[in-house]
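Student: Below are the chains, spelled out letter by letter.
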Amino acid sequence: MLLRSTRFAGENAAPFELKGSLFTLTVLHLFQLDRAAIERHLVEKIKQAPSFFNNTPVVIDLEGLAEPRNGVDGVDFNGLYKVLREHGMAPVGIRNGSPELQKIARQAGLPVLPESRSVGAAKKPERVEPLAVRNRLINHPVRSGQQIYAADSDLIVLGTVSAGAEVIADGNIHIYGALRGRALAGVKGDVETWIFCQSLEAELISIAGRYRISEQFDAADLGKAVQVHLVDDRLLIDHLTR
Amino acid sequence: MATVIVVTSGKGGVGKTTTSASFATGLAQRGYRTVVIDFDVGLRNLDLIMGCERRVVYDFVNIINGEASLNQALIRDKRVENLHILPASQTRDKEALTKEGVDRVLNELRQSFEYIVCDSPAGIERGALMALYFADEALVVTNPEVSSVRDSDRILGILASRSRRAEQGDPPVKEHLVLARYAPERADRGDMLSVEDVLEILGIPLLGVIPESQTVLQSSNAGVPVILEDGSEAGAAYGDLVDRFLGKDLPHRFITPQKKGFLKRLFRRG
Numbered sequence: 001m002l003l004r005s006t007r008f009a010g011e012n013a014a015p016f017e018l019k020g021s022l023f024t025l026t027v028l029h030l031f032q033l034d035r036a037a038i039e040r041h042l043v044e045k046i047k048q049a050p051s052f053f054n055n056t057p058v059v060i061d062l063e064g065l066a067e068p069r070n071g072v073d074g075v076d077f078n079g080l081y082k083v084l085r086e087h088g089m090a091p092v093g094i095r096n097g098s099p100e101l102q103k104i105a106r107q108a109g110l111p112v113l114p115e116s117r118s119v120g121a122a123k124k125p126e127r128v129e130p131l132a133v134r135n136r137l138i139n140h141p142v143r144s145g146q147q148i149y150a151a152d153s154d155l156i157v158l159g160t161v162s163a164g165a166e167v168i169a170d171g172n173i174h175i176y177g178a179l180r181g182r183a184l185a186g187v188k189g190d191v192e193t194w195i196f197c198q199s200l201e202a203e204l205i206s207i208a209g210r211y212r213i214s215e216q217f218d219a220a221d222l223g224k225a226v227q228v229h230l231v232d233d234r235l236l237i238d239h240l241t242r
Numbered sequence: 001m002a003t004v005i006v007v008t009s010g011k012g013g014v015g016k017t018t019t020s021a022s023f024a025t026g027l028a029q030r031g032y033r034t035v036v037i038d039f040d041v042g043l044r045n046l047d048l049i050m051g052c053e054r055r056v057v058y059d060f061v062n063i064i065n066g067e068a069s070l071n072q073a074l075i076r077d078k079r080v081e082n083l084h085i086l087p088a089s090q091t092r093d094k095e096a097l098t099k100e101g102v103d104r105v106l107n108e109l110r111q112s113f114e115y116i117v118c119d120s121p122a123g124i125e126r127g128a129l130m131a132l133y134f135a136d137e138a139l140v141v142t143n144p145e146v147s148s149v150r151d152s153d154r155i156l157g158i159l160a161s162r163s164r165r166a167e168q169g170d171p172p173v174k175e176h177l178v179l180a181r182y183a184p185e186r187a188d189r190g191d192m193l194s195v196e197d198v199l200e201i202l203g204i205p206l207l208g209v210i211p212e213s214q215t216v217l218q219s220s221n222a223g224v225p226v227i228l229e230d231g232s233e234a235g236a237a238y239g240d241l242v243d244r245f246l247g248k249d250l251p252h253r254f255i256t257p258q259k260k261g262f263l264k265r266l267f268r269r270g
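Heads up: the protein sequence lines correspond to chains A and B, in order.
The first sequence begins at 1 in this note's numbering and counts up one residue at a time.
The second sequence begins at 1 in this note's numbering and counts up one residue at a time.
No wet-lab data here; the hints were simulated from the structure.
Nothing false has been slipped in among the hints.
Chain A residues, not near chain B, derived (Cβ > 10 Å throughout):
1) His29
2) Arg85
3) Lys103
4) Gln216
Keeping only pairs whose Cα atoms sit at most 20 Å apart, straight-line, the calculated EDC-like set for lysine to aspartate or glutamate is:
5) A:Lys103 <-> A:Glu115
6) A:Lys224 <-> B:Asp197
7) A:Lys45 <-> A:Glu86
8) A:Lys45 <-> A:Asp34
9) B:Lys99 <-> B:Glu125
10) A:Lys224 <-> B:Glu200
Here a beta-carbon is modelled for each residue, glycine too, at the ideal position from N, C-alpha and C.
Kindly generate the complete structure, drawing on both the sequences and the hints.
Tutor: Take a look at the structure:
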């Protein structure tokens, strides 16, 4: 942006021109208006880095400022300005804050700076692309005769898997209830998959094609909360500690 | 707004029609305009249990095919006011039940009735699917034995996935468990599944337990819904069931063995 003042008749050159420029300024993020506290902390900071506070221009950011409980009536930016000046800072303006606070700031001679675009963009959380592999969540019991297959993902069942029902996943299977039917994890051959259930009463469990039917279960595992996985190509059933 | 209730079970012979007859009669006794429909096309039974088999002229399939009007086919019960029966056809098969046809008949019935009770045939084929498709609530009838419970589990899965409510994403069909032919003594001995066993497997709220009773057989043969038999335990249990369905909070009766006196034990007769 360039605004040259027009030359008046009889003048040789314009006395000034206006030109946009970027500055690196220190931003003071204000969280509360307690002047005594601000002063106390300033003194502390100056002790740490005395050279920094040498008429340093600062912008006061009001975004994090808790709105005073009794409204904005008591807010005194004149007083704040004085405190900052006394401690080697030169407030050049404010940023953010409610319209009421901005009005008070303007009355105190502090201009309101526009929100800087780069800061605004950086504040937004980055959009995370959903993972290609997700879980399939079943939030009802799986009844006899029903078959549920979670392709390329894990399967989570919030409820019981009844006798005669079948739950199948390319990934892991988690059952928050009793497993009375069949559960087959890693059906595409993933040997790293697991089956978890809160009560093992299954007709059949299988991981990557290695299976075991209820007759082959250890009596000590029946009715227990277990995790099932493959170790050396053999199904291993561990009890889950509660 | 009329409520459509399906009485279903998966397995045959567990007491669906007995339950449909007594449940519909109980609702009508309590003042609700009620119709009970026999969906068992080809194996018509409800009319026998209701004692109106000799008054059947037109049937459900006739209405679906537009061969008769509803008023011609509906049979008014002679004992209980507000109660109507829509019999099944004995000469057709279940293929006569089309989704559009059943929908149209139900919509017509909704105009004049508060409760529409659909007596489902056994199995999970067309007849059973049509009976449950339009249901708002379901009475799932189960006997305390494993095959019956498993079939009920299967039907619950179908209710949750293939009813109109499921297909349209509406609130699910409200499920009620009816445990019929229950003998507390035998459950105690471990010959039968107990109420708790069945509830643990099926995991739906218990609406009523109907005790095993000779009266059920006798009243079926006499064409009287057992709920109308004064002094019978099964009839009283159905009465409680209807009251619970209508929102009353009643304790479950007939689920613990009765202490029999010395004489009764000597002449052991139910």
